[in-house]
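K.L.:
Given next are the chains, with one letter for each unit.
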Amino acid sequence: MNEIALLLAATLASGTPLAIAGLGLLLNEKAGVLNLGAEGMMLVAAIAGFAAAYYSGSDIVAFAAGAAAGALMAAIFGWLVIWLNTNQYATGLALTLFGGGFSAFVGVDFAGKKLSDRSPLNIPGLSDIPFIGPALFRQHPMVHVAIALMFAFGWFLYKSRAGLVLRAVGESPESAHALGYPVRRIRFFAVIAGGALCGVAGAYLSVVYAPLWVEGLTAGRGWIALALTTFATWRPARVLLGAYLFGGVTMLQFALQGAGVEVSSQLLAMLPYLATIVVLALISRNPVWIRINMPASLGKPFHPGS
Amino acid sequence: MLKLEARPQPSKAMSFASPLIALVLTVILAALLFAALGKDPLKGLGVFFVEPLNGMRSISEVLLKSTPLILCALGLAVCYRSNVWNIGAEGQFLLGAIAGGGVALWLTTEGISGSRGIYSPLVLIAGALGGMVWAAITALLRDKFNASEILVSLMLVYVAQQLLNYLVFVPWKDPMGFNFPQTKTFDASTWLPALLPKSRLHWGFVVALVFVGIFWSFLFRSWRGYQLQVGGLAPAAARYAGFSARTSLWTALLTSGGMAGLAGAMEAAGPLKQLTPHVSTGYGFTAIIVCFVGRLHPVGIVFSGMLLSMMLIGGELGQSRLGLPNALTGVFQGLLLFLLLACDTLIFYRIRWKGAPHAVVPPAVKPATPTTAKEGA
Numbered sequence: 026m027n028e029i030a031l032l033l034a035a036t037l038a039s040g041t042p043l044a045i046a047g048l049g050l051l052l053n054e055k056a057g058v059l060n061l062g063a064e065g066m067m068l069v070a071a072i073a074g075f076a077a078a079y080y081s082g083s084d085i086v087a088f089a090a091g092a093a094a095g096a097l098m099a100a101i102f103g104w105l106v107i108w109l110n111t112n113q114y115a116t117g118l119a120l121t122l123f124g125g126g127f128s129a130f131v132g133v134d135f136a137g138k139k140l141s142d143r144s145p146l147n148i149p150g151l152s153d154i155p156f157i158g159p160a161l162f163r164q165h166p167m168v169h170v171a172i173a174l175m176f177a178f179g180w181f182l183y184k185s186r187a188g189l190v191l192r193a194v195g196e197s198p199e200s201a202h203a204l205g206y207p208v209r210r211i212r213f214f215a216v217i218a219g220g221a222l223c224g225v226a227g228a229y230l231s232v233v234y235a236p237l238w239v240e241g242l243t244a245g246r247g248w249i250a251l252a253l254t255t256f257a258t259w260r261p262a263r264v265l266l267g268a269y270l271f272g273g274v275t276m277l278q279f280a281l282q283g284a285g286v287e288v289s290s291q292l293l294a295m296l297p298y299l300a301t302i303v304v305l306a307l308i309s310r311n312p313v314w315i316r317i318n319m320p321a322s323l324g325k326p327f328h329p330g331s
Numbered sequence: 012m013l014k015l016e017a018r019p020q021p022s023k024a025m026s027f028a029s030p031l032i033a034l035v036l037t038v039i040l041a042a043l044l045f046a047a048l049g050k051d052p053l054k055g056l057g058v059f060f061v062e063p064l065n066g067m068r069s070i071s072e073v074l075l076k077s078t079p080l081i082l083c084a085l086g087l088a089v090c091y092r093s094n095v096w097n098i099g100a101e102g103q104f105l106l107g108a109i110a111g112g113g114v115a116l117w118l119t120t121e122g123i124s125g126s127r128g129i130y131s132p133l134v135l136i137a138g139a140l141g142g143m144v145w146a147a148i149t150a151l152l153r154d155k156f157n158a159s160e161i162l163v164s165l166m167l168v169y170v171a172q173q174l175l176n177y178l179v180f181v182p183w184k185d186p187m188g189f190n191f192p193q194t195k196t197f198d199a200s201t202w203l204p205a206l207l208p209k210s211r212l213h214w215g216f217v218v219a220l221v222f223v224g225i226f227w228s229f230l231f232r233s234w235r236g237y238q239l240q241v242g243g244l245a246p247a248a249a250r251y252a253g254f255s256a257r258t259s260l261w262t263a264l265l266t267s268g269g270m271a272g273l274a275g276a277m278e279a280a281g282p283l284k285q286l287t288p289h290v291s292t293g294y295g296f297t298a299i300i301v302c303f304v305g306r307l308h309p310v311g312i313v314f315s316g317m318l319l320s321m322m323l324i325g326g327e328l329g330q331s332r333l334g335l336p337n338a339l340t341g342v343f344q345g346l347l348l349f350l351l352l353a354c355d356t357l358i359f360y361r362i363r364w365k366g367a368p369h370a371v372v373p374p375a376v377k378p379a380t381p382t383t384a385k386e387g388a
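Protein chains in written order, with this note's numbering: chain D, 26 to 331; chain A, 12 to 388.
Just chain D, with the same shape it has in the complex:
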């Protein structure tokens, strides 16, 4: 019983960065921008957050540094694709390649350094409930922030006027433009906010989850987060669900190893990536379903007046 609670707790902890990054990318895509640079933003934010935590010792500073790094990277991307109309795929890839190199370069002096383990939250009363306490309430606060963020997104996108405008920009930038909304500026803000959230996710990985820095720390989580938006058919709650599913698969490999299953660790390490492929194929199987749910202008550039 207790093992299951711990496994659940570990699942939530490992799904949290995917959830936060996935929600950030969802915001991008709802505005019609596909940012393949998630992995690069997360890596740069991870080293920024790690360095900030290393010197300041404060998680808040670390997350702020991560968010700022992610937002800055996203701003470069946004400026290129929104104002210079560069190809979104190629620019996103450039962001990922640059982020990989840059984080490795900046992180040379931190390679292999460790931070102290973050002490989990201890909410008197709640944390002591059998089973539920260890599973849900002895976590880093960021785990709960991710859940709160999901509700906030649900409200923002579907209940608020600003969210309606954002979705309009993603569905039909021409119409939004004709109504007088500054399409490019809205997209730019969405890209920056998405980058900041990817940044928080990156900082969480290096400061809370690992907590250490190695080159290529994110190990494809940015790409999995990108797959999550499709998996979730662009719904915030399903992003969270998907994130915990992949968190669970990641934990499963350790659980299986711990249980003494006779499969080599390298083969088990394939699991999250294989799961992503399988789930992506199953969800995408129905093109009509995807087309109905996908923001209609996703990946298409918009230049007013042409």
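Keep in mind that a hint or two might mislead.
[As the list claims (entries may be wrong)] Restraint-style ranges between C-beta atoms, simulated for each label pair:
1) Leu151/A <-> Ala177/D: 34 to 42 Å
2) Leu13/A <-> Phe176/D: 54 to 62 Å
3) Phe27/A <-> Gly137/D: 23 to 31 Å
4) Ile29/D <-> Gly293/A: 19 to 27 Å
5) Val133/D <-> Ser228/A: 43 to 51 Å
[Claimed, not checked] Negatives, chain D to chain A, calculated, CB over 12 Å:
6) Ala119
7) Leu120
8) Leu146
9) Glu199
10) Ser200
11) Ala262
Honestly, the hints are just simulated from the structure, not real lab data. Built from N, CA and C at the ideal position, the CB exists for glycine as well.
Given the coordinates of chain D, work out where chain A should sit on it, guided by the hints.
P.N.:
Just chain A now, kept in the frame of chain D:
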């Protein structure tokens, strides 16, 4: 204020000038970075952009490292021209190394004697097939399940790396290798023959140049190549003309998978002569940059392949001579691609002062940006 104005026609001159402008800007930023790191900028630039061309030995190393880059980028050019976003060349490269290296290892352990004339082609063909099989997974999932080829091909890179790790850590590990994760050294009969005496440069480079010619005629002189490009530039026109998008998808992915696999097998049977977890130093990803800097053109790719190879070697030299982190190469590569994409804007737009009189002309048509890979075929 500066303003972008659409050109009546895409500028051909700019499409040639853009990579050069991007390179110059990269060099300037690199010099600034060296200065910021407290190194002499001229010395730093010398190590990155001059020393790799200093003497026959260095040049042969540049050509050696450009071989996998050119091969991978040729295949990717076919993909990107047909609007198939294969970004998993790295994984296809690794599978090529596994398949080619596996055959070489099998010949070695079985002790079958033979000549290089038979074995080298055998190893290379196995590698190409391995890469094709890996790319075929992406093509199949895109074709039958409508799954994004971007995400699937990328995920398969991680799977391929773990597969290679598994093989060299467990079943293929050299029993006499002091427990290092590596295979036996392949038998000399499976090595690629050297092109120059006393250098690591092998005949693979010549093979790559032959493929440059083959790809040029395929892209610009063949009916299938024409269909692929129409499909990439104007999907609706291609549909109307009855060109099959499915055929294009499979052709593009199998071609690029084969090329990347071939490059992987060459790396295993060429300079390395064994398999380790570090067969690739990111060739498949660097090839994406090679492909764009080379304007998706086979001849351009030869030049950009050598440029990026020079930067790879420059990174190693910078580490040994100036104590710079090797990761600097990755920074420069990323910068180069960013700057190139920014400069490419000048192919379709010109910079004008706001308020200057406009030319009243219809804007140039930009090649169809993919709606998204997730949309139905």
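K.L.:
Hints broken by the structure, by number, lowest first?
P.N.:
2, 3, 4, 6, 7
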